[in-house]
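Residue numbers (my numbering), protein chains in the order written: chain A, 1 to 390; chain B, 1001 to 1245.
Hints in this document: simulated from the structure, not taken from any laboratory.
What you are looking at is a predicted structure, and each value in this text was computed from that prediction instead of being measured.
Virtual Cβ for every residue (Gly too), placed ideally from N, Cα, C.
Mixed in with the good hints, there may be bad ones.
[Claimed, not checked] DSSO-like, lysine-lysine: derived pairs with alpha carbons at most 30 Å apart:
| # | chain 1 | residue 1 | chain 2 | residue 2 |
| --- | --- | --- | --- | --- |
| 1 | B | LYS1183 | A | LYS132 |
| 2 | B | LYS1024 | B | LYS1127 |
| 3 | B | LYS1183 | A | LYS135 |
[What the hints assert, rightly or not] Chain A is nowhere near these chain B residues, computed Cβ spacing over 10 Å in every case:
| # | residue |
| --- | --- |
| 4 | MET1107 |
| 5 | TYR1122 |
| 6 | LYS1183 |
| 7 | ARG1245 |
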Amino acid sequence: MLALRLAYRNVVGKGLRTWLNVAVLSLAYVLIIWHQGMFIGMLRYGSRAMIDYEVGGGQYWHRSYDPLDILSHDDAHGRIPAELSELISQGKATPILIRQAAIYPEGRLHSVLLKGIDHSQTVLKIPSHHLKNDKEALPVLIGKRMAKSLAMGIDDYITIRWRDAKGTFDALEARIVAIMDTPATGVDKGQLWVPLEALQKMVQLENEATLIVVGRNVLSIKDLPEWKFKEPDFLMRDIIEMVRGKRVGAAILYAVLLFLAMLAIFDTQVLAIFNRRKEIGTLMALGMSRGSVILLFTLEGAMNGILAIAVGAIYGIPLLVFTAQRGISLPEVTEEFGFAIPPKLFPFYSVGLIVGTVFIVSLTVTIVSFLPTRRILKMKPTDALRGKMS
Amino acid sequence: MKKIVIFVLLISAGSLHAEELTGKAILERVDSNMVARNRRVTSTMIIEGRRGTRTLQAQSWVQGVEKAFTEYLSPPREKGTKMLKLQDQLWIYSPSTDRTIKIAGHMLRRSLMGSDVSYEDYMEDPKLSNIYDAKLVGEERVQERNCYVLDLTAIKEDVAYHRRKIWIDKERYLPLQENRFAKRGKLLKTFVINEVFKIEDRWYPKKMTFKDVMLKGSGTKFIIDSVEFDVEIPKYVFSKASLRR
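Chain A with its partners taken away, still in its complex shape (with noise of 0.2 Å):
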C-alpha cells in the first residue's frame, strides 16, 4: 500500500512528462477498442445480414454444387428430398435452383445467374412476394448494385436467354417487379431472382434444387445422400476470414503506437533511476530490500498506465458511446468491396474487447516499466547515495 501511495505520488510529481505519457497511452486504449470495434461491428453486421439474406440456419447443397465453380452450376440440381419436403411445406426452409443465363441490357451480353425462389417463402429476408403471378411477363427480382451496373429500373423489360437441362436454348421477355435493397452483395450482383416453379417449367427440372435454406430455429439437422449439409460458420468463413485479416493488419498498426508510448515510458523510467540514484541509495540505506525498492520503480512506471486508463475513460467513454449509437457514416464506394457493408457502421464493444486491451496494454507497460529497473539490482547502496552507478 505504501508502495502503491509512493507510486503515485511520485507519477503525479513528475508533471507534463507523466501527462504526456498517460496521453499517448490513453489514446493508444481508445484507438485500439473504437478500431476493433470498427471491425466486430464489420462483421456483425455482415454476418446478420448473410444470415438473413442468404445463409438462413444453414444450406443443404446438391452433392455437385460448387458456388465457386459457375461452369458446374447447371449440373447442380435434384429433386428435392422428402425429408426436406416437410420442412419447406412447413415454411422452415426454402429451395432455391440455379441456372446459368445471358442477358442483353442495351445489346450488351452479361452472364447471369438464374435464381429461382418461391414467392411465399420466408426463410431469407429476400423480398420474393413481389414474384407473385405476374400474366404478362416473367417477374423479376434484382438487387440494387445489379440494377445500377445493368442501368435498369421497375418495369423494364429484359432479354433472358438460357437452356433448358437438355442444352436447348429458350429465351423471353421479363420484366423487373421489384428492386431489392439488400446489404447482402451475396443475392444481388449478378444475379436475377425468378419464381421457383417458373424457372423448374423454363429448364424442365421440376420438383428439383440446387440448394436448399434452412430456416434458424430448424434443429434436427443431418447430411442426406445427395444433399450435404452447410453450417452458417462454413458459408460466412469468407467474410469471417477477412475481418480476421483486417484485425491482424490493423494490429500493425497498434503495434506502432504501442512502441512509440512503450518507448516514451522506457525513456522515462531509465531517467527516473539514473537522476534518483541518491533517493534509491537513501531508500535502501534505510533498509529497504532492492525488490521493494524495483517494485516501487515498476509500480511508478505501471501508473502511467492505470492513470491512461482513467484519461481515456474521460474522454474516450462518451467518444465510443456516441458512435456505438450514432453509428459512423461510410462512403459509397465501400458498396463495391464484394461483402455487406452498411451505409452506417455501428461499431460493437464488447466486455471482452475492452478488457482485453486493457489487460494487454496493462501487462506491456508493466514489462517495459519494470526492465529498466534491473540495473537497481547491481547498484550498491554507499555507492548510490553518493550519486554513483554502480
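Given the coordinates of chain A, assemble chain B onto it according to the supplied hints.
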C-alpha cells in the same frame, strides 16, 4: 408405244419433282452439297465487336462430319492456336501457355475466339437432316435467287436450337439464309451467305455472316479464301499430338 413412253417419262418426272419438294429431300440435297468426304479450307473470320474489328485467318482440315482440325495463322496473338474436334469432343491448344485444354460441358457454350459463334456451333453436326425434321413451307426470293423455305424442328432433345428456318437456293442447293430460334420462338441467331462460288461441280459459300441478333454490332463474317475437296489428309492430323506440333 411412243405415247406410252412419253406418259411414263412424264409420270416419273412428276414423281421426281414431288420427291424434290419434300423438305427432307431438299435438306438431304443441301447436306450432300455442303458435306464432303474431306476438305482443306483456308478462311478468314472478321469479328466486329464494340472495341473494334479483329481479323483471324485459319486453315482447317475436315474429314466427314466427325473430324476437324483448325490452326490459326494470324494475327500474331492467335497464331499457333489449334483446335481439334473428334466426334463430340473438342481440344484447344494455346501456344502462349503451351497447354492443351479440353473444351467440355458448359465451356462449349462460350464464344469461339470472341465471335458470334459458340464452340457448340462449331461442333454441331453439319448434316441438318440428322437432327431436324424439315417441312417445306413455301418459296421466296432471297438475294435475287429463287429459294425454298424450310421450317426445321429438332427431332432430338439435346439440340441447341429447337427450330430453324432456312432459305435454300432452288438451283444450287445452298442455304442462303438461316434463322435460328429459341424454343419459345424468339429469334436468336441469323446466318446469311453473302457470296457463293463454284468449285469443281458444287456451289459453296464464299462469304457468310453469322450474327447473334440480341447483340449490338454487325456480327461475325466468314470468308472462304480457298477450299479443296477430297484431298488426302494424313491420319496424324486428327490426333492430339498434332496440336503441339
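For each hint, the structure was consulted:
1. B/LYS1183 to A/LYS132: 24 Å, holds
2. B/LYS1024 to B/LYS1127: 12 Å, holds
3. B/LYS1183 to A/LYS135: 19 Å, holds
4. MET1107: 6 Å, violated
5. TYR1122: 15 Å, holds
6. LYS1183: 4 Å, violated
7. ARG1245: Its Cβ never comes within 10 Å of chain A, the nearest being 29 Å, so this holds.
The structure is inconsistent with the numbered hints 4 and 6, although it conforms to all the rest.
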